[in-house]
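Model the full structure from these sequences, guided by the hints.
So the sequence lines, in the order shown, correspond to chains A, B, C and D. Everything in the first sequence is counted per our numbering, starting at 5 for the first residue and increasing by one. Everything in the second sequence is counted per our numbering, starting at 5 for the first residue and increasing by one. Everything in the third sequence is counted per our numbering, starting at 5 for the first residue and increasing by one. Everything in the fourth sequence is counted per our numbering, starting at 5 for the first residue and increasing by one.
Please note: incorrect hints may appear among the correct ones.
Copies of one chain are not kept apart here, so a pair can be met inside one copy or by any two copies together.
Unchecked claim - In the DSS-like style, the derived pairs of lysine-lysine whose C-alpha atoms are separated by at most 25 Å in a straight line are:
(1) Lys123 with Lys313
(2) Lys23 with Lys49
(3) Lys136 with Lys9
(4) Lys259 with Lys78
(5) Lys262 with Lys302
(6) Lys297 with Lys123
(7) Lys136 with Lys313
(8) Lys259 with Lys186
(9) Lys270 with Lys346
(10) Lys165 with Lys78
(11) Lys22 with Lys253
Note that these hints are calculated values from the structure, not bench results.
4 protein chains.
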Amino acid sequence: MYNFKNDYSEGCHPNILKKLVETNSIQQLGYGEDIYSLEAKELLKQKLGNSDAAIYFTSGGTQSNLLVISSLLKAHEAVISANTGHIFVHETGAIEAVGHRIITVDTDNGKLAPEGIQKALQAYSFRPHVVKPKMVYISNSTEIGTIYSKTELQELFEFCKGENLLLFLDGARLGHALTAEKNDLSLSDIGKFTDVFYIGGTKNGALLGEAIVFNNANLAPDFDYVLKQKGALLAKGRLLGIQFLELFKDDLYFKLAKHANCMAMKISDAVRDNGYSFLTHSTTNQIFPILPKLLIEKLSENYAFYEWKVIDENNAVIRIITSWATDETVVNEFITILNQLKKES
Amino acid sequence: MYNFKNDYSEGCHPNILKKLVETNSIQQLGYGEDIYSLEAKELLKQKLGNSDAAIYFTSGGTQSNLLVISSLLKAHEAVISANTGHIFVHETGAIEAVGHRIITVDTDNGKLAPEGIQKALQAYSFRPHVVKPKMVYISNSTEIGTIYSKTELQELFEFCKGENLLLFLDGARLGHALTAEKNDLSLSDIGKFTDVFYIGGTKNGALLGEAIVFNNANLAPDFDYVLKQKGALLAKGRLLGIQFLELFKDDLYFKLAKHANCMAMKISDAVRDNGYSFLTHSTTNQIFPILPKLLIEKLSENYAFYEWKVIDENNAVIRIITSWATDETVVNEFITILNQLKKES
Amino acid sequence: MYNFKNDYSEGCHPNILKKLVETNSIQQLGYGEDIYSLEAKELLKQKLGNSDAAIYFTSGGTQSNLLVISSLLKAHEAVISANTGHIFVHETGAIEAVGHRIITVDTDNGKLAPEGIQKALQAYSFRPHVVKPKMVYISNSTEIGTIYSKTELQELFEFCKGENLLLFLDGARLGHALTAEKNDLSLSDIGKFTDVFYIGGTKNGALLGEAIVFNNANLAPDFDYVLKQKGALLAKGRLLGIQFLELFKDDLYFKLAKHANCMAMKISDAVRDNGYSFLTHSTTNQIFPILPKLLIEKLSENYAFYEWKVIDENNAVIRIITSWATDETVVNEFITILNQLKKES
Amino acid sequence: MYNFKNDYSEGCHPNILKKLVETNSIQQLGYGEDIYSLEAKELLKQKLGNSDAAIYFTSGGTQSNLLVISSLLKAHEAVISANTGHIFVHETGAIEAVGHRIITVDTDNGKLAPEGIQKALQAYSFRPHVVKPKMVYISNSTEIGTIYSKTELQELFEFCKGENLLLFLDGARLGHALTAEKNDLSLSDIGKFTDVFYIGGTKNGALLGEAIVFNNANLAPDFDYVLKQKGALLAKGRLLGIQFLELFKDDLYFKLAKHANCMAMKISDAVRDNGYSFLTHSTTNQIFPILPKLLIEKLSENYAFYEWKVIDENNAVIRIITSWATDETVVNEFITILNQLKKES
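In structure tokens:
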């Protein structure tokens, strides 16, 4: 049974383990003051072309989201998210637990645009009987596989600045977005057109780890306190520093993401070639084919994936996720079986 | 300019002021241990026919909602509300500020029924990545003037028990619900078919004050701590006790609510007689007529009310609220003007 | 049995009730937009000589403390208080419940001075493993009856500014402080030598009510949201506005406080004349005589007061509180009995 | 420069890295459902002799403390800790940030006993104006190196049960406690005489990881939600499972701790032999020698450690921490230098 359920089924890229072994016995300062963390932060600032950025390493996405949002919002301020946003859908009320309402905007494609946010601002204008919208949360790639274009992100950022809103980008799958077909955003663009974002490691080859980037360090002068207070500051910060060092050496991070995308696109092409359609237009490592239920049942015998949504009596959507570690041989076999099952039907 | 914007424009019923004057110089214990508060609680328990109830007085609706919800839910638990629910619409994120998500259910009539809750439970079943629904919040009368029938409330309560959900009824306008046309619920029914509710004083003749009733005292053994911790325990609790004593002496509370309803129904009848319709089917003191914009403009010259929603180019919904203090002469004048404007149009 | 346990045993000054009756049927806007609240705020700004101040009315001391502190501190910031401070001793963890540590400084006289704060800053300097001190909380008069001199307050304020700390003064008994013997502070001094403070009504003749004053409105641009979110915004804000209007008309507020102080000083003198001493040097309406236990027992037959602390086998401290409403005849009787009991012993 | 500042200067025990490499490419379920985590939990339950226990893996001590405390306490409940307790001293207000006061008890030896707790209960008995003590937090070994005897822990636990208090043991250095000279507690004793505790991995050979043990699973039926909500649930839970599997295979965990203790005791003996004394009586891997400042200065040239506290003009306390990775050769050198410096002085 091969697992297409998520992009965190395996351990980490072997380079990381190799480096962990090599550096294991070298004494380092704790709590992120180790040389690997310091070097990794410098490297990321170079890649971003932004020496004013402040970078912090954390253990995961939900943790990063609650840290960033709670550190930037006051008690009566709220964050606007697509109704598909991870903070709204799959984080067990982590944002409400730190005191903030998530204002949702309905979308088809998982992305926010000025129009939708404008409506939310209007719906939340009856001061002081409603919360005050202060931040916009987006994901790139989104939770349904779509990506922002440079124009879209830039317009969104300018709109936010005009409305005195902070723009926060959840980059749990940022690598996949930036290496997707037709993507025209670079890492440094992300740094320019957001206030804060993070670079996801967990879903792209690390054992654990996200790198939160405040594009202007003044935005979060006390973030070290926040990390510690919320239980997010690892004693052995070296574990995070080493991973980001390895991932951003020779652009390994982007190579891994590209591999994941390619594997998904291979499957996508096969799905399309067999005449099936998709729930969303994804060019990244999460795809949502609409397939006959009988076919889904057959595929389930050898492959694990989520059944996402029932379409009608005979058809349903499945979610297939590929990763840096997805084996191309398995992908080819999967496609072969798909083609065969189609023929037989 | 006469104010139909809300039911808290005036001070309080004169009986209350009279009693405040009479008792003013009598020394009492502080923090709700005064004899008026103790007597008022006994009186309410008698009216409820429930000596096991635990009653606490607070200063307002938002305060009551956040106290009850935060005291009964654990951090990862959530409350289900109609999308029109006061806690979702008009409380500045008070519930999120104490850590809980509000799961909303879309409704036309402002009321919750088992079907809608069932869907919410299903949408929030992917443990542990989502919050755990644990409470249902309803209002009676609702924020759009509708009321629950006995059958509806009973079925809802039984459903909640079956699903291990607490049922909490916001009674900011409970008097208006229980004295509405066709209402078949009594105060003691409310005590039977909910876990906790409150009897709103602020919107029915008190200066301030709500009476929170836990139908079983075991549900909130430490609620006194909660009141104090959240800044809700008045040093001079006598101010609340005296008001509830007066309001529930000779059923003044219900007489006041009935007056408010009658005034609203007089206006409703006139609206209907003139051929206009309503946004919601209200039998209580909040009505939502759909009127021509020109007519609304004319009425606005002498009467204050909220413009609730635009229907189309020519028509809009207004909200008119009457109260225990609404002057029938003014209501009659309003109707006369309405009839006249209709004729002229 | 006459109650010397607190200064909130009676209702309110008769002028307030009179004004409530007079204005009762006049329609007003809700949520603090009534003309009485607006006028009262103007009046207070005049008394303060500060048109830049922003004033908000609340229902009590604990509520005011948690509102001010939670609105001004970020999650990782802490407030420094004397170990006798009300927020530390008698508010059921209200400050911790909104997320902040109270750093305590041991004192003999209930007052904070730069030296003690300096030590606290040093003890909390191991960033980021400790909270960041950001506010100093003091009470005037203090919880043990003492008061700040002008020099003391000014030095404290300047020290705070030098250390980038906010100075917050709890004025639950501010009237008593400002009318005490040897006091050299004025209301406008309080406005100059603090960042934020409140003027307590509840313990000086109001039914309920404190007036929070931000000396610079920029310090809390969104405090209206905070009030609403924490359940502190009364629908009938007129109840608070009317009270502060009456209390500050013709300086009633200060006359009431002075009466309370005088009654306490009469008892103090008698205690001293009989050869007894005190736990603290109070010149306000709370006094802490050290008396023989036998004497305490006798006094308890006719007067209610707290037994504060055991000194030794034969002696204990009691706390006697007088108020705006304390009856001088009763005070004289109390003194007579005290003198008599002394003679008999 | 050799680092004696802490026990997390190196990476992890080589067995762990070896196993990470071996298992790296095996697909596993996410979020702690991997087979390594399941096996590790089974293994720990066996070692504890308690199949009713519920075990959860987390990333660190502060995180564990805030998770356990926030999941078990209600808003108005407080935790009692020694004034040296890690939650009070070095966690940036993490416990207050989740809403709870820490009630401190002064101690000389870092340990709590019934007497001190009894006093705290008395000091916090003025309901509802104070928080309600509901949990006792202890550390073993303590933050100053001392350990609990079996009798002490048992008496404390029985006292807690009698007072309806939960007993929570912070085992960040539990291995060091259980392998210390004169220790008479076993791991299964810890399971019997506490309600909840954790087994620290970070400070005893893991890259990161603590194992929280609820001795009765009923105590925390929803802890999975809590983990996720607070950002503590790792997507690749395998990282934690594998480490605890390795640490508890062949009792490696205890061997590592014993090594750390032995290294500290060697240094202790040398300190004592040279005629110096200690701040605390430690038998574990943290020692606090009182040394002449001149000697400290010399030692600082080659060894890093914390200067803990100034004793007088000439003497100060230093803290030396050894670990599973401390090199005995270095320890011997350190002792040689110490002896030599003593001779020269």
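Now the hints, each set against the structure:
1. In this assembly of identical chains, Lys123 and Lys313 lie within 25 Å of each other by CA distance solely across copies; the values are 14 Å between and 28 Å within a copy.
2. For the identical chains of this complex, Lys23 and Lys49 are intra-copy neighbours only, at 21 Å inside a copy versus 34 Å across copies, given an alpha-carbon limit of 25 Å.
3. Proximity of Lys136 and Lys9 under a CA criterion of 25 Å is satisfied inter-copy only: 23 Å between copies versus 37 Å inside one chain copy.
4. For the homomeric pair Lys259 and Lys78, neither the shortest alpha-carbon distance inside one copy (39 Å) nor that between copies (40 Å) is at most 25 Å.
5. For the identical chains of this complex, Lys262 and Lys302 are neighbours neither inside a copy (29 Å) nor across copies (55 Å), given an alpha-carbon limit of 25 Å.
6. Only between protomers do Lys297 and Lys123 lie at most 25 Å apart by alpha-carbon distance; the minimum there is 23 Å, versus 38 Å within a single protomer.
7. For the homomeric pair Lys136 and Lys313, the shortest alpha-carbon distance between copies (21 Å) is at most 25 Å, but the shortest distance inside one copy (34 Å) is not.
8. Taking the closest pair of Cα atoms, Lys259 and Lys186 come within 25 Å of each other only inside a single copy of the chain (16 Å); across copies the shortest separation is 56 Å, beyond that limit.
9. With identical chains, the CA atoms of Lys270 and Lys346 are at most 25 Å apart within one copy only, with a shortest distance of 17 Å there and 68 Å across copies.
10. Taking the shortest Cα distances, Lys165 and Lys78 sit within 25 Å of each other both inside one copy (18 Å) and across copies (23 Å).
11. Taking CA atoms no more than 25 Å apart as the test, Lys22 paired with Lys253 passes in both settings, with 14 Å inside one copy and 24 Å between copies.
Against the hints set out earlier in the document, violations occur for numbers 4, 5.
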